[in-house]
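Colleague: Residues per chain are reported as follows:
2 protein chains.
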Amino acid sequence: MTIINKNFLKLKDNYLFSEISKRVAEYQKFNSSAQIIKLGIGDVVKALPDCVIHSLHTAVDEMAKDESFKGYGPEQGYEFLRDKIVQFDYAANGINIEADEIFVSDGAKCDTGNICELFSNDSKVAVCDPVYPVYVDSNQMAGREICYLKCQEDNNFIPEIPSFFVDIIYLCYPNNPTGTTISMDDLKKWVDYAIKNQSIILYDAAYEAYIKTSKIPHSIFEVDGAKEVAIEFRSFSKSAGFTGLRCAYTVVPKELHGVDESGVRYSINKLWQRRQATKFNGVSYPVQRAAFSLYSEKGQRQMQELIDFYMENAHIVLGTLKSLGFTCYGGENAPYIWVKTPNDVESWQFFDLLLTKYNIVCTPGVGFGSCGQGFIRISAFGTREDINIAMSRLKEKKIIF
Amino acid sequence: MTIINKNFLKLKDNYLFSEISKRVAEYQKFNSSAQIIKLGIGDVVKALPDCVIHSLHTAVDEMAKDESFKGYGPEQGYEFLRDKIVQFDYAANGINIEADEIFVSDGAKCDTGNICELFSNDSKVAVCDPVYPVYVDSNQMAGREICYLKCQEDNNFIPEIPSFFVDIIYLCYPNNPTGTTISMDDLKKWVDYAIKNQSIILYDAAYEAYIKTSKIPHSIFEVDGAKEVAIEFRSFSKSAGFTGLRCAYTVVPKELHGVDESGVRYSINKLWQRRQATKFNGVSYPVQRAAFSLYSEKGQRQMQELIDFYMENAHIVLGTLKSLGFTCYGGENAPYIWVKTPNDVESWQFFDLLLTKYNIVCTPGVGFGSCGQGFIRISAFGTREDINIAMSRLKEKKIIF
Numbered sequence: 006m007t008i009i010n011k012n013f014l015k016l017k018d019n020y021l022f023s024e025i026s027k028r029v030a031e032y033q034k035f036n037s038s039a040q041i042i043k044l045g046i047g048d049v050v051k052a053l054p055d056c057v058i059h060s061l062h063t064a065v066d067e068m069a070k071d072e073s074f075k076g077y078g079p080e081q082g083y084e085f086l087r088d089k090i091v092q093f094d095y096a097a098n099g100i101n102i103e104a105d106e107i108f109v110s111d112g113a114k115c116d117t118g119n120i121c122e123l124f125s126n127d128s129k130v131a132v133c134d135p136v137y138p139v140y141v142d143s144n145q146m147a148g149r150e151i152c153y154l155k156c157q158e159d160n161n162f163i164p165e166i167p168s169f170f171v172d173i174i175y176l177c178y179p180n181n182p183t184g185t186t187i188s189m190d191d192l193k194k195w196v197d198y199a200i201k202n203q204s205i206i207l208y209d210a211a212y213e214a215y216i217k218t219s220k221i222p223h224s225i226f227e228v229d230g231a232k233e234v235a236i237e238f239r240s241f242s243k244s245a246g247f248t249g250l251r252c253a254y255t256v257v258p259k260e261l262h263g264v265d266e267s268g269v270r271y272s273i274n275k276l277w278q279r280r281q282a283t284k285f286n287g288v289s290y291p292v293q294r295a296a297f298s299l300y301s302e303k304g305q306r307q308m309q310e311l312i313d314f315y316m317e318n319a320h321i322v323l324g325t326l327k328s329l330g331f332t333c334y335g336g337e338n339a340p341y342i343w344v345k346t347p348n349d350v351e352s353w354q355f356f357d358l359l360l361t362k363y364n365i366v367c368t369p370g371v372g373f374g375s376c377g378q379g380f381i382r383i384s385a386f387g388t389r390e391d392i393n394i395a396m397s398r399l400k401e402k403k404i405i406f
Numbered sequence: 006m007t008i009i010n011k012n013f014l015k016l017k018d019n020y021l022f023s024e025i026s027k028r029v030a031e032y033q034k035f036n037s038s039a040q041i042i043k044l045g046i047g048d049v050v051k052a053l054p055d056c057v058i059h060s061l062h063t064a065v066d067e068m069a070k071d072e073s074f075k076g077y078g079p080e081q082g083y084e085f086l087r088d089k090i091v092q093f094d095y096a097a098n099g100i101n102i103e104a105d106e107i108f109v110s111d112g113a114k115c116d117t118g119n120i121c122e123l124f125s126n127d128s129k130v131a132v133c134d135p136v137y138p139v140y141v142d143s144n145q146m147a148g149r150e151i152c153y154l155k156c157q158e159d160n161n162f163i164p165e166i167p168s169f170f171v172d173i174i175y176l177c178y179p180n181n182p183t184g185t186t187i188s189m190d191d192l193k194k195w196v197d198y199a200i201k202n203q204s205i206i207l208y209d210a211a212y213e214a215y216i217k218t219s220k221i222p223h224s225i226f227e228v229d230g231a232k233e234v235a236i237e238f239r240s241f242s243k244s245a246g247f248t249g250l251r252c253a254y255t256v257v258p259k260e261l262h263g264v265d266e267s268g269v270r271y272s273i274n275k276l277w278q279r280r281q282a283t284k285f286n287g288v289s290y291p292v293q294r295a296a297f298s299l300y301s302e303k304g305q306r307q308m309q310e311l312i313d314f315y316m317e318n319a320h321i322v323l324g325t326l327k328s329l330g331f332t333c334y335g336g337e338n339a340p341y342i343w344v345k346t347p348n349d350v351e352s353w354q355f356f357d358l359l360l361t362k363y364n365i366v367c368t369p370g371v372g373f374g375s376c377g378q379g380f381i382r383i384s385a386f387g388t389r390e391d392i393n394i395a396m397s398r399l400k401e402k403k404i405i406f
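These protein sequences, in sequence, are chains A and B. Quick note: the first sequence uses the working numbering, first residue 6, plus one each step. Quick note: the second sequence uses the working numbering, first residue 6, plus one each step.
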């Protein structure tokens with residue numbers, strides 16, 4: 006009898022997005038003419054930039070001839086891409102990262118889940134509350150103990166340094182779901198904690214490209230000493246519209262070590278190399294070429310135009326909601342707006358109100374953790390038309406509780 | 006202190022291909038004019054078929070317009086692709102598989118490794134010897150006990166049914182590395198074993214498209230009852246030259262169950278759905294369109310032409326080696342030829358002879374397991390020119406020990 010992994014049975018059903026779909030479908034059934042605008046899920050809607058389209062076509066043509074055909078690529082990703090990442094995303098900001106510390110992958114989501122295979126199942130993992138559910142679920146699948154660090158208005162959505170020991174800490178800034186950022190000082194406190202306790206920080210910087218305000222760190226490696234304690238995850242999904250193409254990368258510094266039970270140190274970079282070589286076969290060649298094209302003058306400009314488009318959406322949403330008296334967070338350096346519900350109404354109740362009275366779909370904050378209760382998340386990843394219509398509806402029929 | 010997964014420290018270094026590269030580089034250093042022909046690694050060399058190129062371009066153009074842009078796809082893969090798989094790869098052969106039993110992924114390698122996350126780390130796993138190293142390494146990373154089933158000349162490279170109990174059995178037919186196949190009768194014995202013991206068979210059919218001889222099963226689901234005990238892995242890598250594009254699929258029948266420690270049954274299909282939704286984000290949209298294009302009359306013909314090309318290579322290698330008196334296996338329904346070394350010479354010694362005297366690179370059989378000692382693997386994934394030159398060299402300077 007094949008015994009299943011008992012940790013899977015302890016997983017909570019991932020109700021959030023299926024519950025949202027269910028409620029939307031139910032409403033639509035009885036209100037078939039309703040023009041529902043979805044500002045729930047964080048998926049991009051704009052076409053890929055020209056430079057990406059052009060390089061995809063060129064790479065596809067290479068694959069059409071025996072002489073230029075590409076089979077299996079290098080396990081960590083093509084050097085042409087890793088070199089550009091080093092140069093544009095790190096060296097240009099004064100951070101010394103080498104190409105063999107970059108691992109190109111098909112998604113930050115996969116990597117933030119898979120990376121923990123390198124660590125003992127007895128590791129204690131800390132996540133923020135509210136949290137991107139993948140960190141929790143992927144660690145629960147391996148039976149790791151999870152502890153939650155509260156992120157609320159009173160701590161500016163920055164978790165306090167715990168008085169106890171944790172092995173692994175997930176931090177995501179700019180944050181999903183709250184859209185808030187972390188300052189250099191606060192990030193330094195976490196790096197110091199990790200150095201002192203020899204913990205490892207898994208830093209999810211998937212929304213880094215959305216930072217507009219100066220002095221907000223784009224990378225954890227801007228903090229001195231972080232290379233000894235941190236892994237950074239980045240993605241082309243949201244910055245360049247790659248959610249349907251699939252390309253991301255993970256930075257595992259050579260200075261980073263874990264220990265065995267006797268305290269002997271092992272390079273995490275080497276372990277991840279071994280893991281990826283065994284269980285991953287690289288990213289589609291045309292897609293790596295497409296990512297490469299973003300690191301040109303034209304590519305950087307076109308990527309910025311996409312980001313500016315979504316950030317203008319965020320600006321419209323934030324302006325409207327604030328003018329209507331809502332308390333909002335995020336939306337200035339991230340494509341998410343974290344909206345406090347009026348009169349402490351519960352997240353799902355406010356979700357229902359937005360759906361039924363305004364035909365707007367949001368994500369109930371409580372779906373990301375108990376500290377998300379009393380909040381909803383609005384995603385700026387919509388068309389301008391949808392954003393404008395949704396905001397007009399709110400302005401026309403003001404919310405009264 | 007973050008403790009690493011101790012199972013990683015028990016992994017053997019994956020010497021095989023790095024040792025091959027080292028020996029080749031060393032030889033080339035002192036023999037810079039040598040024209041070395043590589044018939045070692047199983048990577049394709051021919052351009053992608055027209056239909057694939059055309060559909061990649063079309064899909065890229067869809068991504069260039071807001072109206073037709075695709076972001077995140079459905080978690081199990083696009084229905085347009087899963088429907089074709091059901092129809093062409095199963096229904097056409099009288100096998101009833103439903104679209105929600107198909108999980109499109111970026112590689113059979115990833116899937117054969119990741120699938121075991123669903124099972125207890127106390128599971129006992131059986132693999133063939135010689136074996137594709139991923140099955141071993143990915144299970145050792147989770148600390149599972151591995152037992153080896155001998156595949157040798159005296160059992161036609163079909164493992165004998167064990168007298169003891171194993172939870173999970175990896176079978177790969179047509180086989181990598183031996184190039185041999187399994188008959189319906191022998192496969193049925195394994196299905197019967199699994200039914201009797203409630204074990205699960207992980208059936209790697211990545212080379213299924215290379216089967217030419219009739220009556221050899223293309224799918225384990227041709228065997229009655231297999232849907233209760235087996236998962237099947239298939240890939241477009243070798244059949245359509247997708248090693249650089251990345252697309253594969255895994256079939257997890259709804260009849261398949263595992264049990265918890267109290268014997269309560271759980272659907273493996275549902276557990277895999279949960280795993281993939283959490284830790285995977287789908288295959289690049291243009292690549293799924295490319296795979297879809299193979300299921301047209303033109304696509305099927307072009308795929309067959311590719312397969313025929315490599316099988317003609319295999320035919321040339323097999324003919325030459327047999328005419329020179331070598332004992333060979335495989336190469337008739339698979340792109341690999343498993344060659345017995347003359348006079349029981351060890352695999353690496355024969356590798357060195359082929360490298361230094363003939364400038365041909367093969368893979369030493371012992372690299373796939375102890376039962377591979379005294380064999381080498383020749384891959385038919387080369388250009389016709391390389392295959393012809395390599396065989397001429399062997400014919401001109403006959404091997405004498």
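Rather than coming from a laboratory, the hints here were simulated on the basis of the structure. Some clues are possibly wrong.
Where chains are identical, the list cannot tell them apart; a pair therefore holds if satisfied intra-copy or between any two copies.
To be verified - Within a straight-line C-alpha distance of at most 25 angstroms, the following computed SDA-like cross-link-like pairs (lysine to any residue) qualify:
1. K70 - D55
2. K201 - M6
3. K27 - E165
4. K43 - T283
5. K345 - Y83
6. K155 - F170
7. K284 - N126
Colleague: Determine for every hint whether it applies to the structure shown.
Modeller: Status of each hint after checking the structure:
Within a single copy, K70 and D55 get their C-alpha atoms as close as 24 angstroms, and across copies as close as 10 angstroms, so both meet the 25 angstroms cut-off. Taking identical chains as interchangeable, the C-alpha atoms of K201 and M6 lie at most 25 angstroms apart only when they sit on different chains, with a minimum of 9 angstroms there against 46 angstroms within one chain. With identical chains, the CA atoms of K27 and E165 are never at most 25 angstroms apart, being 36 angstroms at best within one copy and 51 angstroms at best between copies. Taking the shortest alpha-carbon separations for K43 and T283, only the inter-copy value of 22 angstroms comes in at or below 25 angstroms, while the best intra-copy value is 40 angstroms.
Neither within a single protomer nor between protomers do K345 and Y83 lie at most 25 angstroms apart by alpha-carbon distance, with minima of 44 angstroms and 37 angstroms respectively. Proximity of K155 to F170 under the C-alpha cut-off of 25 angstroms is restricted to the intra-copy arrangement: shortest distance 16 angstroms within a copy versus 48 angstroms between copies. For the homomeric pair K284 and N126, the shortest alpha-carbon distances inside one copy (19 angstroms) and between copies (17 angstroms) are both at most 25 angstroms.
Consistency note: the structure conflicts with the earlier hints numbered 3 and 5.
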